[in-house]
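Engineer: Residue strings, one per chain:
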Amino acid sequence: MKIWTMMMAAWLLALGVAAQARLTGRVTDTSGKPVARAIVKVYGAKGDSLAAYSSTDAKGNYVLTVKVPAPQLRLRVSHLSYRPGELTAENRSQHLPDVRLQPGGQQLREVTVRAPALRITGDTLSYNVNQLKSGDDRNIEDVIRRIPGVTVETNGKIKYNGEDINRFYIEGLNMLGGDYTIATKNVRPDDVSAVEVYQNHQPIQALKDVEFSERAALNLKLKKKSLLRPVGYAKAGAGGGAGTAWTGEAFMMLIAPKHQHMVTLKGGNFGRDYSNEIATMPGFGSGESEPLAASVFNDEVFSSGALPDNRYRRGTSAIASVRNLFKLGESLTMTVAGSYGYGDQQYGSDRTTDYLGAGGERIVVQELGQTSLRHQLGRLNLRLEQNSASLYLYNDLKLRGSFDRNRYLAAGTVNARQRNALDTYGLTDDFRIVRRRGQRAFQLQGALSYAQTPDGHLRAVDTAADSLLADQRTGGRTLRFRMGTSYSWFLSQLSQLGLALTFQAAHDQMDSESSLGQNDARGYQFVTSVGPRYTLRYGMAIWKLQADVQMYDLAYRNPLNGVRYSRHRPYLAPSTSLNLRFSPLVTASMKAGYGVNHGGLSSFVLRPLWVTYREQRTMGDGALPREERFYLNAALNLENSFKGYRVKFSGAFNATQDDLMASSHVSETGTQLSVVNQKNTTRYWVASASYMQNIFDKRMLFSFNASVNGRRSAVLREDVCYGTRSLFTTLNGSMRQTFWDEHIVAQASVSWLRSSVRTDGLADNTHFDNVSAYLNLSVFPVKQFQLYATCSYNVNEMEEGHFRHDLFLDGGMRYMHGHWEAELAARNLTNRRLYVIRSSSLFDVTTDTYRLRPAEALLTLRYNF
Amino acid sequence: MDARILQRTCLLWALACCALSVRGQFAVSLPESVAEDSGRPFRQKHEVKVDDPRLECIYAFAGKDPEIKVVRRVAYIMQIGAKWTKWSDYSDYLKDSVCWRTDWKITVGEMDERFGKWSSFWQESQLRDRAGDTFACMGGTTYDRFIYEDSTARMDWTLTEDTATVCGYACRKATARFRGRDWTAWYAEKLPEDAGPWKLHGLPGLILRAEADSGLLRFEAVQVRVPEGETYYVARTIPGPEDVPMAREDVLKLEREVLTGFDTYMEQKLAKLSPSERPTIQVASLKRMFYQPLELE
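As given, the protein sequences belong to chains V and L, one line each in that order. Under the numbering used here, the first sequence has 172 at position 172, and the numbering climbs by one with no breaks. Under the numbering used here, the second sequence has 1017 at position 152, and the numbering climbs by one with no breaks.
Just to be clear, a hint being listed does not mean it is correct.
[To be verified] Pair by pair, the computed Cβ-Cβ distance ranges are: (1) L:R1090 <-> V:S49: 48 to 54 Å; (2) V:W543 <-> L:A1035: 55 to 61 Å; (3) V:R435 <-> L:T1030: 56 to 62 Å.
Just so you know, these hints were derived from the structure itself, not from any lab. Note that the structure is a prediction, hence the values are computed from the model and not measured. Ideal Cβ positions, reconstructed from N, Cα and C, are used throughout, including at glycine.
Make a model of the complete structure from these sequences and hints.
Structural biologist: Next up, the structure:
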C-alpha cells in the first residue's frame, strides 16, 4: 500500500513537471542593445487568456514559467518606447531567440478624468462649467440655470433658493450691480471656468458675522485664456418672412485684476426684445422712484402679455451699453456705466371681454386692436465702493430718462384712435457707510431721489363719430430722502443687540387736466422709525427679534377742491425670524411680522383720469387709508450639493385689513374704476414644493414644481359687494438629458395651470385649464454641427370642456468652425397665424387673440474672439 | 534656528488643517518671528536626479476611517522612469517642482501665496529601484522623520477576465492579498509598465485603479500623461541627520501612535519648545486623526 501511494505521488509530480515549461530569452532593439523593463506576456494558442507574464531586466533578459497544456505559445512583448513584438514558440523549456523591437513608441492617449462638477469650500459652491455645459448652450445663463437651487426667470432675474441674489461678481468684482443680465446673456460658457455660489453672502465685509444674510451671490471665474484680453463676439444676419429681417450684435468684455470693461451693441427686428439686457434687477440699492403721473397709462391696452414677445411683435429693438470698473486701491473700486435702449414695436391683437354688469347682466365688449409702442431709455451710473473689513463706503449716482410714444387703433364696440406720450427724468443717489470696530458696527445709509414727469399726454378720438373721446395732460414729480443709521454690539458670544434709526421723507405732486376735471394733489410724508433688534445665535440656530416704532407725519392737500388731510401718530411694527440648520443638508427658516401701511398722494387724486380710451380711474377718495398687514412665511430646504439635489417646501400666509375697497362700473362704452371707503379684508396664502436633481455623471437634469395659491377678498361692481375666492394650481416638470456622448441633447417640460374663481352670489363659477408642453431636441452629427428643433404645444380651455390646441415648431442649424459660427434659424414653421388665450379676472372673462408673425427665417454669421 | 522655525511653522499649519479636517474647535496664534520669516528660501536643494519620467499618472486617493467618520481625499503622483519609479504626494511634488524651476530661490512667502500653508501631517514617499525591486521609503511627521528600505513588497496577483474602463483605458482585473489587506487592481495593458499606486506593482500593465477591503482604501487614476519638454525629474532625496533609519514594522507602529494618539503626541512635542517659541494652541476633540494604514503587517 505504501509503495502504491509513493508511485502515485511520483506519477502526479512527473505530470506536473511535464506541464511546466521554463522559457528564457532576451529583448533587444534593432541595433541589438538590450531593452530593459519591457513586458513579456505569454498566451496559449487558444483564445486570448494570459498564461504568464514577466518583465525584462537591465540586460533585456526575461524568464517565464508557463503552466498551460497548449502545444504552441505566443509571446507578445510591449514597451512604451517601441512597437510591440511577437514570437511563436513550442510549449517546452527552452531559450528563445531574441525579440527585436522596432523603434516608435505607442501613441498614448493622454487622458484626464473630468474634474468633479462641484467643489465645496465653506459656504462657497464652485461649479465646474466644463461639467455643466453642453454643445447647445448659447450663453452662461444656460449653464447657471442647471445649478441646483437656481431659477432664472424669463426676464433674466436669478434666484437662489427662492431669494433674489444680492451680488453678481466677475472675478470677485462688482462691476455689474443689478445689471447682470448683460453678462448672463452674452458671456460664453467657453470663457468661464467656474460659477461660484456664495451662500448666505454678506457683501459688506465690515458686516460679516454681524448681519446674517439669507441671500446668495454668484461669481464667474474666467478661464486664464479669457483674462487680460478682449473676449466676446460679433454677429450679423439677414432673413425674411413677413418682410426683411435683420440683426446685428457685438459684445466685448475685458477682465483684468485692476480693471474690467464690458461693451454691448445690439439691434434687430427678428422679434427679439433686447431691453431686458439693460434692465436693473431688484435687490440692488434702494431702487428708483417714479412720480405717480408716470404710472397712469396702461401700455398694454389690448393684450395681457401671456405670449412670448417674439411670437407676435414686429419692429425694431436696439441697445447700447458700456460698463467699466477700475480698481483704485486694495478695496476701492469705481464703476462708470451708461446704457441706451430703443424699441419700436407693433402688433395686432383682439380682445373680447365678458363683463359682469348691473343685475348680473353680462356685457360683452369687443376690441380689434393695433398697437404701436415706441420706447427710449437712457441711463448713466457712477459708483464708488470701498469694501474692507473695517470700513464700507458706498456711493451710487444714477441719472435716467425714459421717453414713450405709443399709438393704438381700436375697432369693434368702439372705433377709436389713441396716442400716449410720456417723458420721465430721474436722479438717484444711494450712499452707505459702515464702520466696524471689533465686534461693534456702526452704519449710516441714505438715498436721495428725484424724478419728474413734466408732460404726459393721452388723446383719444372716436373715429366713427369723429369726436374727441379723451384729451388729458398729466404731470408730476417726486422727491424722496431716506437716512438710516444703526449700531450693534455683542452682548456675549451668542447674543447681539442693535438699534436702528431710520428717517424717510417724501414730497409728491401730481396734476392733471381733462374733460373729466382737474387734479392738483401734493403733500409730504415723514416716517421716523426707531427699531431695537436682538439676535441670538445658538448652535446652528439664529433667532432675530425686531420691534420698530414708526412715527408717521403726513400732510396732503388738493388746492382745487380745498381738501386737506394730515396724520401724526406712531405705530408698532414688530417682526421676528428664525433660521435653523438641522444638519449640513437640512435648513429651515420662518418669518412673521405685523405692520401698518398708509396710502399716499394717490388718495387725494379725486378726479377721474383716463387710463385708456375706454377706461377711467379715480385713484382716491380724499381720506388716507390705513392698511394693517400680518404675514407669516416658512420654508424647509433639503440640499445635497454633491449629489446635485435640492428639495424645498415653503408656505406663506398674508392677511391685510384696510378701509378701501375697489369699485367698478361697466358699460359698453367704458369702464370706471374707483375706490370707496369700506372695510375690506384680503387673505392670501401660498404653498409650494420643488425638487431639482442634477445627476452630473449622467448629464441629466430633472425638476418638478407644484404650487397652490389662494386669495380671498371683496370688491364692488355696480355698487354691489361681492366676496371673491380665487385659487391657482400649478404643476410643472422638466427634464434635460444628453445621449451618446452629447451627440443628442433633449429637453422637455410640461406644465399645467388651473385657475378657478368663485364669486359669492353668482351661480357661475369659472375655472380654466391651461396645459403647455415644450420639447427641444439638438442633434450633433459631428461636434461642429448642430441641428435643433423646438416644439411648443399649448392647450387652452375656451369654454368648459372645449379646448384649443396650438402647436409651434421652430428649428435651425448651426455650424461652428474655429472662431466662426453660421446659423440658420427658422421660427413658426407650422405657420400659425392666430393664438387665442382665455383668462379670468374675478367675475370678468377676457379672450385675447394675437395675430402672429408668419413663418420666417434668419441666417446669421458670428465671430467669437 | 532656521530649521526650528520651519519645523514650527509647518507643524502649526499642519495642526490647524488637521483640526479642520475633524471639525475640532481650534485657535492658533503665531509668534511674530514666524511671520517675519516669509522672505527666507522655502527649501534648500537636497536631492539628486536619478531618472527622467517617461510616464506620469496622477491618482486620487479616498480612504475611510469609520471610527471618526472621516473620508480622507488626497492626490498622489507616480513618476515612471526607465530605472526608477517615484510615488509622492501631489502637493509635495508641485512644491518640489516649483523649487526646482526657480533654482531653489522661491521664498516661504511666495510658496504660501501659491499653495497655501497646507500639507499632509503624516507623509510618505517611495522611490523604487526597478532592477532590484526595492523601495526606498521616507517620510513621517515634522518631528519624527524616518527612512527604511522595503525589499519584500511582492504581490502574488491572480489575474481575472473582468474588464473595466478606467481613466479612458481598457483595464483588466487582478486580485492579491498584500500585508493584511485584500487588494483588487485594474491594470491597463496598453500602458506596459509594471507599476501602480503606492507599492502596488507587478502586473503586465500600469495599475489605474486599486481598492482594498471593499473600498475602505481606494486609488483611482485621474490623469495619465506623457511628460514633454523640460519636466521635473525623478529625484532621490538625500537623507539628512533628522531622517532616522527605522525598521518598516517600527514605522507602522509610529504611524499608529501618532495618528491615534494625536493630542498626546503633540503635547510631548510642544513641551520640547521653549516658552517664547511655543505657540498658543487650543485643540479640542482631536484625539485621533485619520488612521487607515495601507499595510497592516
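Engineer: Compare the structure with each hint and give your call.
Structural biologist: For each hint, the structure was consulted:
| no. | hint | verdict |
| --- | --- | --- |
| 1 | L:R1090 <-> V:S49: 48 to 54 Å | violated, 31 Å |
| 2 | V:W543 <-> L:A1035: 55 to 61 Å | holds, 58 Å |
| 3 | V:R435 <-> L:T1030: 56 to 62 Å | holds, 59 Å |
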